[in-house]
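Q: Going line by line, the protein sequences match chains A and B. Numbering-wise (the numbering used here), the first sequence opens with residue 730 and increments by one. Numbering-wise (the numbering used here), the second sequence opens with residue -18 and increments by one.
Think of the hints as simulated: they come from the structure by calculation, not from any bench. We put the CB at the ideal spot given by N, CA and C, even for glycine. Mixed in with the good hints there might be a few duds.
[Said to hold, decoys possible] Reference excerpt, derived from the structure (chain B facing chain A, CB under 10 Å, subset only):
{"hint": "1", "residue": "Ala27"}
{"hint": "2", "residue": "Leu162"}
{"hint": "3", "residue": "Asp232"}
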Amino acid sequence: MQQVIRDKALSLLEAGKVDRVLAWKEGEFFYDQTPHVFKTAEEINRSLVYNGFSAANLSKYLVKETLKDGMIAVFLKPCDTYSFSQLLKEHRIPREKVWAVGIPCDGKLDIDRIRKAGLRGITSIREDGDRLSVSTIYGEKTVAKSDALAERCENCKSRKHIVYDELIGSEGEALDSGRFDAVEALEKMSPEERFAFWQKELSRCIRCNACRNACPACTCEKCVFDNPASGIESKAPASSFEEQNFHIIRAFHVVGRCTDCGECSRVCPQSIPLHLINRKFIKDINEFYGTYQAGENPDERAPLTNFDKDDMEPADAFRKGE
Amino acid sequence: MKKIALQNLPKLFSAISESKALYLPVDTESGAEFRLYREGDTLSEACNTNRSAKDFFFPQVEDMAEFKVEGKKIEVLDIRRESEEFVIFGARACDVKSFEILDSVFLADPVDTYYKNRREHVTVISLACNFPEETCFCSTFGIDAASPAGDVAAWIIDEELYMTALTEKGEAFLSAHAALLSDADESKVDKKKEEIAEICHRLPLQNLPVEHFKAEKLMEHFNDPKWAELSQSCIGCGTCTFVCPTCQCFDIRDFDTGNGIQRYRCWDSCMYSDFTQMAAAQPRLTQLERFRQRFMHKLVYHPANHEGTYGCVGCGRCLAKCPISMNIAKVIKEIGGEK
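Let's have the full structure, built from the sequences with the hints guiding it.
A: Written out as structure tokens, the structure reads:
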């Protein structure tokens, strides 16, 4: 697949259809890829990669990249197309400046899960069907691919590409995933247990803002938390209240727009399951206003920006929480 | 040289924590973290904790003073307290070296009394790295993972922990716990050091071309066109700076309590758009400039101002944690390069 994607990137550049290509650049160890804007065939042949660790969602970079002149090509996995579609809907990306190529994905891998399995000094990884051959400083190891899948891929919501100009490979379907199981487990907890759960998770937050800065739904030019004039700027979690405040405010701000791409949890250096907060909101929306998937339908009105006489009364939502 | 069987470590930990606060790296669901010892805790084998050991001396948030306001009267309350005596058990060579780098900043005139207060009350028991990771490159900066500094250096060999004192504080520590320790000879430790050196030799990033960075080439490095490409994907979060054991920038803020001011400081990051608000504004307007600043500081400015000591210890946390896997190793290769 990597070669197919390289060839596509090369032909788009050569035909003059685009003048840059947004994809993943190889790192030192196979797993440490960096999103990158490729401008030459030489660069593409040398370092454009696509494999189990091409996990970063590239769609948010288009906000910045489309401010520049010219056309840019981007490779989007199914879940990335939901983010792209949502950003188009929010008028954050001018559609005509992007050539979107949908690419297949059979789940991305999480290096932390491989490390957690006790593998140290990982220097390279080879994908052999459903096994991973891992070379380490301490010898060769194998890991089942299913044991190394990222959480968001274990609970993949869709293999369908929502929006693209051309597609590599065949189109997939939206899937019945178990992504709300963990939310249900949280809902079943008593308020005290749930509070303790989040207190434990969020107390690890170091306010590095990686979740916010990676989030395709967080595209404010200036975040209130970075704005000294906002009165609520905060650089550090001065108290447990502030930790919760930041994450809850952020979740509220992206509610109805979060496509559940999972970048927040992927990038968190403290392994906080931030996606669960957003999934709770998604699940609530599904229950309050009918099933809704942000990014799925470019023409549909979002439940929270739409009014319908059948809408749930706020008081009902409040009672549901009791 | 002293030693203790690993199975007796809980006894040693209990003994230490009777007189001092003991912190050690323990495994948690989300990785290893330094934590106040609780009975039953075991020493993590992880090379790195998620957060670095700088937290002990330079916590993320710290109250500095309080101001009580009554009408037109302002009273300044000194809230500083003498730090408790504490022990860090199991700090790695890279983190221990970072203390020296932090010292050169915080203990230089004018001395940072908040930092000094904690720094003076610590005893550091370092631990050699039996299993360095691929992200480790401490040897690039002349740090020996097999012979960590600190007050006491320790090695885990088979089922025993070997310890040797490197300072007076270390001597005092070993003699305070002499009842639990037995004498040992150096031969096993020497052999272990050779083993670790052999592993370090095989590390892919063990010898990054850092020597190409020179103060006299400051402007050349500064104007290198490669910064644009390296920084283009940086999302401007503060992960690298916050997990870094040597990043030491902070902001001082006032919190309005309603009847006064709580003045605190907190970590700040040169990667942030609201870093260093000067009289006018943040002088580094784009992520390129912010990104460049971080690496120029570590690789050029810091050594220029501190007799050649780089502002990086090669712990590899930023390599493991950066959301987009752009990091100092890649920067050293590209900018320092094999030119």
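Q: Indicate, hint by hint, whether the structure satisfies it.
A: Cross-check of the supplied hints:
1. Ala27: holds (9 Å)
2. Leu162: violated (29 Å)
3. Asp232: holds (6 Å)
This entry does not satisfy hint 2, going by the numbered hints stated previously; all others are met.
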